[in-house]
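With these hints in hand, go ahead and build the complete structure from the sequences.
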Amino acid sequence: MNAIETHDLCKSFHGIYAVENLNLTVPEGAIYGFIGENGSGKSTTEKLICGLLVPTHGKIKLYGKPYRNPAERAQIGTLIEDPACFPGSTVYQNMMMQALNLDVKDPEDEIARVLDLVQMTEHADKKFGKCSLGMKQRIGIAQALLGHPKLLVLDEPINGLDTEGCRIVRETLQYINREEGVTILITSHILDELSKIATHYGIIKEGRLIQQIRAEQMSERCRDHILVRTANDMKAFGFLRRQFETETSESGIKVYGEPDSMKISAMLMEEQIPVVQLETKRIGLEEYYIGIMEEARSA
Amino acid sequence: MNALLRRDIYRLFRTPLLYLFMLCAAVIPGSMSVMTGFEPGYDAWGQVSGLFSAGIFAIAGVFLAFFIGNDYKSGAVKNIFSLFPKKRGYAAAKLITGAVAGIMILLGYVLGAEVFGVFTGADFTSGLFDMLCAVVAKAGMMFLFSGIYVCVAALFRNKVWFSVFGILAVTMLFIPALLITLGTPLIMAGLSIAAGVIGLFVFPGIAALIMKRLDALA
Ligand SMILES: Nc1ncnc2c1ncn2[C@@H]1O[C@H](COP(=O)(O)OP(=O)(O)OP(=O)(O)O)[C@@H](O)[C@H]1O
Ligand SMILES: [Mg+2]
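If you're matching them up, the sequences are chains A and B in order.
FYI, the numbering for the first sequence is 44 to 342, going by the numbering used here.
FYI, the numbering for the second sequence is 1321 to 1538, going by the numbering used here.
Don't read these hints as lab results, they were simulated from the structure.
Keep in mind that the hints are not guaranteed to be accurate.
[What the hints assert, rightly or not] Coverage of chain B stretches by chain A, computed from C-beta distances (three or more under 8 angstroms per stretch; other residues unrestricted):
id : stretch
1  : 1325-1334
2  : 1383-1395
3  : 1398-1409
4  : 1507-1516
Quick reminder that beta carbons are idealized off the backbone N, C-alpha and C, glycines included.
In structure tokens, the structure reads:
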């Protein structure tokens, strides 16, 4: 079962499409990292899914049902752009309003639980407007977690958080995903953080989904390697492929599975193949993403 | 709708703006009678049943414009509409909350008039029944007006000042209708309650139709 499915989803603002024919599939139980440049349509997509914008065209399904189904929607926790709080009310009052929206049992206990999760308990009586950026962000996350939602839609939740804050959020998300089976759709520009938790990725560019991929598939595609260029690539390739898993490419020979570049260099010297260039390439989500973006640009 | 109503009532009584508006309403009777040439025979109850007190609908409307507008401006609608796809419940909760706020403001007005009456030694013996009918009539009418205001505020969303002017304009259109005396105070009270009940059922639907077609986030 898919937690979220969109079919040819479009949204235009004054005739300009912010989201165009988007077919997003977020499987149940996934942590779906939704990435793209500024203005590519991530927030717009999330707002559409949460019913905050009216689609110009297309369908959205939550757990196989139309997204206007009250039973499915009652189980969403959201944090979209800024936390949705009244600046003049206290942190606690803001939490209470959302607890009342959700009709949670024992709201006081539930509020205490989520505030404790994001380590904001001591600031409960502060006016929301007087909180720092990171504190606001934590409150927004706490609000999203109220009442044990089944689906979380988070738009840049770790934006503005300090190192400790990032860690807390990451561990919390991982915990509820693993223990409570919560599906999470999350956007972030901090790809390094995202890659620690995401199980799926969707890459969006100019309102169109250009790639949707599972994390394992991606890590297969972006393995670390040593890039070798020699005076005689043919000979070098013939030699190296007997020892290592290798691959030729435009930029040179890629050698996988050998972390020591000095060793490769020494071996080639012994074979009397002059080495022109030898470089260790670490490919993480960021490099992969940049590669995809460049491909999309030149296409 | 129940959950939303509880939330709105919780928020209502924690909004300083409500008490400010009640205070404004409370000083109107006294200050009006001072301005129009203060007489020792100040009629406290007459102030309440009198025509001028129709102005509290406008005050209640402005309050509701802020109350709803701040939902949109603060982004609180993100928390609400993501959970509640049906907008009718939201509108109904706002209508009732608006009417409750209006009645609170009305009570502020009544209290202000009476307190001023005590200080000026007004006559409190005649017309009590008429005054009570007038209060009931206005309370009933509050539900009708609140419904109309919710529709206006739903149209302008986060543009609070547009809502304020829209609501004031609508009130201007309707106040003459309020001034027409339809029979005895008792009949007035009955008709107003009937109007309020009709409003309670009609306007949330209209407001929901407006909201369904508009992006909640501008
Ligand atoms: N209410 C609106 N009215 C007009 N245009 C809008 C509106 N909201 C978004 N847009 C436009 O839609 C496009 C996508 O915006 P969106 O906020 O979805 O981007 P994003 O991917 O979330 O970017 P970021 O990484 O900066 O958060 C942008 O070009 C933006 O200007
Ligand atoms: Mg965004």
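Now for the hints, and whether the structure bears them out:
| no. | hint | verdict |
| --- | --- | --- |
| 1 | 1325-1334 | holds (count 5) |
| 2 | 1383-1395 | holds (count 3) |
| 3 | 1398-1409 | holds (count 9) |
| 4 | 1507-1516 | violated (count 0) |
Comparing the model with each earlier hint shows a violation of hint 4 alone; every other hint is respected.
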